[in-house]
Amino acid sequence: MHESTDRHCDDHSPLEVKLYDEDDLIMISSLQHYLFCTRQCALIYLEQQWLENRFTAEGRVLHERVHTSGRESRRKLRIEYDVPIRSLQLGVAGRADIVEFHRQDNGLWQPFPVEYKRGRPKKDDTDRVQLCAQALCLEEMLECAVPEGALYYGEKKRRTSVIFDASLREKTAQTAAAVHALLTEAKTPPPHYDKRCESCSLLALCLPTVATRKQVGRYLRKMVEL
Amino acid sequence: MKKHLNTLFVTTQGAYLAKDGETVAVRIEGETALRVPLHTLESIVCFGNVGCSPFLMGSCGQRNVGLSFLSEQGRFLARVHGPVTGNVLLRREQYRRADDLDFSAAVATACVLGKVVNSRTVLLRALRDHGDKIDAQVVQESINRLGAAARRLQEGLSLAEIRGVEGDGARTYFSAFDHLIVRDKANFFMHRRSRRPPLDRINCLLSFVYTLLLHDIRSALETVGLDPAVGYLHRDRPGRAGLALDLMEEFRPMADRLVVSLVNLAQLRCDDFVCSDGGGVRMSDTARKTVLVAYQKRKQEEMTHPFVEEKMTIGLFFHMQALLFARYLRDELDGYPPVIWR
Ligand code: SF4
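Protein chains in written order, with full-length UniProt numbering: chain A, 1 to 226; chain B, 1 to 342.
Think of the hints as simulated: they come from the structure by calculation, not from any bench.
Glycine included, every Cβ here is placed at the ideal spot set by N, Cα and C.
Honestly, I wouldn't trust all of these hints.
With the Cβ distance kept under 7 Å, some of the chain A side facing chain B (calculated, not the full set) [stated by the list, open to error]: (1) Leu46; (2) Glu47; (3) Gln48; (4) Met223.
Using the sequences and the hints given, assemble the complete structure.
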């Protein structure tokens, strides 16, 4: 099953699915950023702004560790690390930290994506959407169903299972479409200040509290009153 | 707020910088003399014969750590640019607006206004601090003229007129500048601004500090994704960092104050400089180090940013100005707010 056969979406498929061009694929991680804050997503993927703070540095160290080994193999379980994946239907590409392949009774290997996350489980759906995007990529590339995966949270040292149900799939597809629209429109949304900003790695670039329009004229008049 | 990160200045001739895990290793004669974690660095400035591994260059580019090579005397040689290229759309907007003369004039006004008002403040402070020791009348005269220049700038001038005001302002200011130096006047004086080469010690100091300033502003612009080369007051000229020079105007008086205080507080002596037979003046190694340390210290001082109204280190001001400029280009701000020191 993981023997990837070269194939294209056939034109005879009953559902006309629009496929993205390889050049237009967006990063899987952008979905997560989009759900967190649309401006953050635009700053990173449109403006290519990135600030390394303690969190992202830690995340990188963790990832570097995950990414060192390539493949592990046991009788019932094979593990691949840092697996390049993409989906032309969603228009996303990226890498999966870990894909486990579980051997089933019928002899087939069932792919099972696992994503490592620093910190603790989040209340919102962002991590689940990202994992689901990986599952959809694997489904498309390996032509099989991927019903389930898991998130591993570093702080809790615990695995949380994620079922890729219809509503999660729908949300993932919608988010991917929304990111494509944002990047095509190429306009960075204005900032809004709320409590998310405090944990945002781009806070110092985004300056959500700095007043916008119509302020500079007044500032200059005030500053040059001699 | 973004943290203030350090600048690593490497002045030891023959030193070699390499990437060692997550750190920069400074090797001198094969021995590792210093190791600095990369994530604590904002930029690296190499003076003279200092080498650098391509892997370190790559990491610097990737993480927006500015890496510049200057001659021993501080003349700009080269900069390393990484694979992260910022937002092409933002840069296109920057270029498009540079063709718009009204927009250019608006930016130029803001930059020159910042410079003129801040220059005036430098003179005002000197008058306040050393009014008894200096020719107060000459200084006061310049203050008045700079005040008039600032008012003139509010009249919506053309680019050529703005440049005229800028030139007059600089002349007025530097004509009073010599009076700000109150110690060892026989060796430290400035009769006129000279750059190529600097003809006296003060000019030599000013040129060096301006180079450091330009490096920082250029790095800040690149980090934000702007092209330091395409300016508004400073029109395109190959090899010139036009936008960096534009944003530098408001900071020049701060650099000037640093020079004045180094001299007045006797941190530099007359034999810290070498006068060549041709008349040009160069700095000794020790003088250069003294200036670098003073510059670094100044950048670590905290102040409230007058527009953003948040406390931050002066080193971060450069970055903030670059960000504010990008916002202006994206129409999130109705103008460019220069830093005006009160
Ligand atoms: S600081 Fe706030 S508004 Fe700005 S990108 Fe981050 S979350 Fe979004």
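To see whether the hints hold, each was checked on the structure:
1. Leu46: Since the shortest Cβ distance to chain B is 6 Å, the answer is holds.
2. Glu47: holds (4 Å)
3. Gln48: With a minimum Cβ separation of about 5 Å from chain B (threshold 7 Å), the hint on Gln48/A holds.
4. Met223: holds (4 Å)
When the structure is compared with the earlier hints, no violation turns up for any of them.
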